[in-house]
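J.: Please take these sequences and the hints and turn them into a complete structure.
If you want the building blocks of each chain, they are given just below.
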Amino acid sequence: MKIIRTVNGDIDPSVLGITQTHEHLTCDQTLGKMDDSFPALSSPMILKDAATITKELQGYYAVGGRAMVEATVFGWGRDVLALREMSLSSSVHIIASSGFYTQEYIPEFAYEASVEMLAEFLVNELTQGMESTNIKAGLLKSGCGYPIIEGLEKKCATAVARAARITGAAITTHSPAAGRFETPGGNLGYQFLKVFEAEGVDPSRVIIGHADQNADIRQLIDLARQGAMIEFDVIGKNFRLLDETRIELLTKFAEAGYDGHLLLSTDRCRISESKYYGGPGYDHLLISFIPRLKNNGFDDAIIHRLLVDNPAKILSISM
Amino acid sequence: MSVMRVPFKMLAVPAPPFRLSREHTVLLLMDFQNYTTNRQAGYGKLAADRGIDREFDEYFLQLDAAIKNARRLLEACRMQKIPVIHTLLACSNIDRQDLSRQFRVNEFDIPFGDPIEEIRHEVAPQPGERILPRAVYSPFSRTDIHSILEQMETENILLAGMMADTTVAMTAREAADRDFGVIVVMDSSASQTHEWHAQLRDGIVGGLIRQRSTSHVIEMIRGERT
Numbered sequence: 144m145k146i147i148r149t150v151n152g153d154i155d156p157s158v159l160g161i162t163q164t165h166e167h168l169t170c171d172q173t174l175g176k177m178d179d180s181f182p183a184l185s186s187p188m189i190l191k192d193a194a195t196i197t198k199e200l201q202g203y204y205a206v207g208g209r210a211m212v213e214a215t216v217f218g219w220g221r222d223v224l225a226l227r228e229m230s231l232s233s234s235v236h237i238i239a240s241s242g243f244y245t246q247e248y249i250p251e252f253a254y255e256a257s258v259e260m261l262a263e264f265l266v267n268e269l270t271q272g273m274e275s276t277n278i279k280a281g282l283l284k285s286g287c288g289y290p291i292i293e294g295l296e297k298k299c300a301t302a303v304a305r306a307a308r309i310t311g312a313a314i315t316t317h318s319p320a321a322g323r324f325e326t327p328g329g330n331l332g333y334q335f336l337k338v339f340e341a342e343g344v345d346p347s348r349v350i351i352g353h354a355d356q357n358a359d360i361r362q363l364i365d366l367a368r369q370g371a372m373i374e375f376d377v378i379g380k381n382f383r384l385l386d387e388t389r390i391e392l393l394t395k396f397a398e399a400g401y402d403g404h405l406l407l408s409t410d411r412c413r414i415s416e417s418k419y420y421g422g423p424g425y426d427h428l429l430i431s432f433i434p435r436l437k438n439n440g441f442d443d444a445i446i447h448r449l450l451v452d453n454p455a456k457i458l459s460i461s462m
Numbered sequence: 032m033s034v035m036r037v038p039f040k041m042l043a044v045p046a047p048p049f050r051l052s053r054e055h056t057v058l059l060l061m062d063f064q065n066y067t068t069n070r071q072a073g074y075g076k077l078a079a080d081r082g083i084d085r086e087f088d089e090y091f092l093q094l095d096a097a098i099k100n101a102r103r104l105l106e107a108c109r110m111q112k113i114p115v116i117h118t119l120l121a122c123s124n125i126d127r128q129d130l131s132r133q134f135r136v137n138e139f140d141i142p143f144g145d146p147i148e149e150i151r152h153e154v155a156p157q158p159g160e161r162i163l164p165r166a167v168y169s170p171f172s173r174t175d176i177h178s179i180l181e182q183m184e185t186e187n188i189l190l191a192g193m194m195a196d197t198t199v200a201m202t203a204r205e206a207a208d209r210d211f212g213v214i215v216v217m218d219s220s221a222s223q224t225h226e227w228h229a230q231l232r233d234g235i236v237g238g239l240i241r242q243r244s245t246s247h248v249i250e251m252i253r254g255e256r257t
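First to last, the protein sequences are chains A and B.
Take the first sequence: its position 7, counted from the start at 1, is 150 in this note's numbering, and no numbers get skipped.
Take the second sequence: its position 29, counted from the start at 1, is 60 in this note's numbering, and no numbers get skipped.
Check before you lean on any hint, since a few could be wrong.
What the hints assert, rightly or not - Not everything, but these chain B residues come out facing chain A in the computed CB check (under 10 Å):
1) Gln93
2) Met217
3) Ser246
4) Thr257
Treat the hints as calculated values from the structure; they're not laboratory data.
No residue lacks a Cβ here, since even glycine has one placed at the ideal position from N, Cα and C.
T.: Given below as structure tokens:
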């Protein structure tokens, strides 16, 4: 039996529906152990306005969105009670994440803890509940802030892999935008797979996130060939890559026969990105990007695969 | 802050990670000096004379932090026996004949005098550390820095400086074009505005040039991080 674990309980994968697999609904970048001696050069990633975000989610539901992966982990402003409320108010299934983000946000206890202890913490979040609630995570996340996975981040990535193997949950990954010119294809896909495979995780249970910030179609196809899911999750952020380019890359990817390895999302993480504040909103993918994909030859069956089948497959956990 | 797309940069295959060793790494500090960091002198005075000193608030805010960070970086390098080179804007004679044409027509009255007196005390050179005065933006155009670096068998340069969007950007690119790996230490540097510093951070990276924070570089030179 397979289930998808949402903040309001387990659901059958067949009812998941259209899903964006990498978004944020509550987060607070200022919680990190940042060196703040130098003036900030960009606005921090903060989402605390639950009322506004709930309205955005209702708008997402209105255009067909039925589920969303919330990729904020402990230490970065995750608020699981707020997620449950948002889900109830919007009817959008929310899949919360356990795991570890980049070094600045890794909780203090992780510095001294063993891999086993960290894995136990993660397994508990997936099977018992997060932050003293009975709300369970449905996905694991592994982040790295620099172009090489090493030190504490490697220890945490190893713990994530171990928890994935124990629970059967999939892993989504974060590669740093700042390091995108120091890694092949702009992501840490090869390094993540190496760490995870050493722990016995099947690549088919791994999402290579932020694959569209310095993309190389050859590398992405190679990762998919190894079994990984490739996630275009900064769609609409045209300062990294034009959406037109994303469409061309996705077309090549599908033509190579790997449309079963694609996930789509927009990675909203600032209130200024909400429609209420004049931003593109969570529904940019559904109301702007998908119609353009269709105009470029993606038929309904492939769109369904990208938005429904592939998310359901990767988010499913065998019980 | 706006970030611009960089399609040309995307074509480049990433260079392998830098391994910083004390034998092959040099710290290059640029223009930590009175002329560039004092509101009552140099750029600061020129701005005040023109009535636009407020325009430099972000620069001076950055440089206050950058000088503290550069001092930390300098101390860490000295601890690890990594050689240090100081370069500063300074004319070699009182009639300023060596001023670049740009500086001359721009009426930037680059100082003349004892470089030691001109350099900020927080990062004052120690005996044995080279000082390279110059009256141009890049030390590669009119100093012996290239041959000095070659003689020192330098592979990687840690680079920080003032008015970084001009001087550090230019020097980093010239150094990389001369086959040196360059790490621009962003929070030990200051640019004319926050937006320009963000552009430097996002725009300078690529090829043999990387950007890191002071804390990260200190971990690298201690061998705690790649």
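J.: Evaluate each hint against the coordinates.
T.: A quick look at each hint next to the structure:
1. Gln93: Holds, because the Cβ-Cβ distance from glutamine 93(B) to chain A comes to roughly 6 Å (cut-off 10 Å).
2. Met217: With a minimum Cβ separation of about 8 Å from chain A (threshold 10 Å), the hint on methionine 217(B) holds.
3. Ser246: Interface hint status for serine 246(B): holds (6 Å vs cutoff 10 Å).
4. Thr257: Constraint on threonine 257(B) satisfied, holds at 5 Å.
When the structure is compared with the earlier hints, no violation turns up for any of them.
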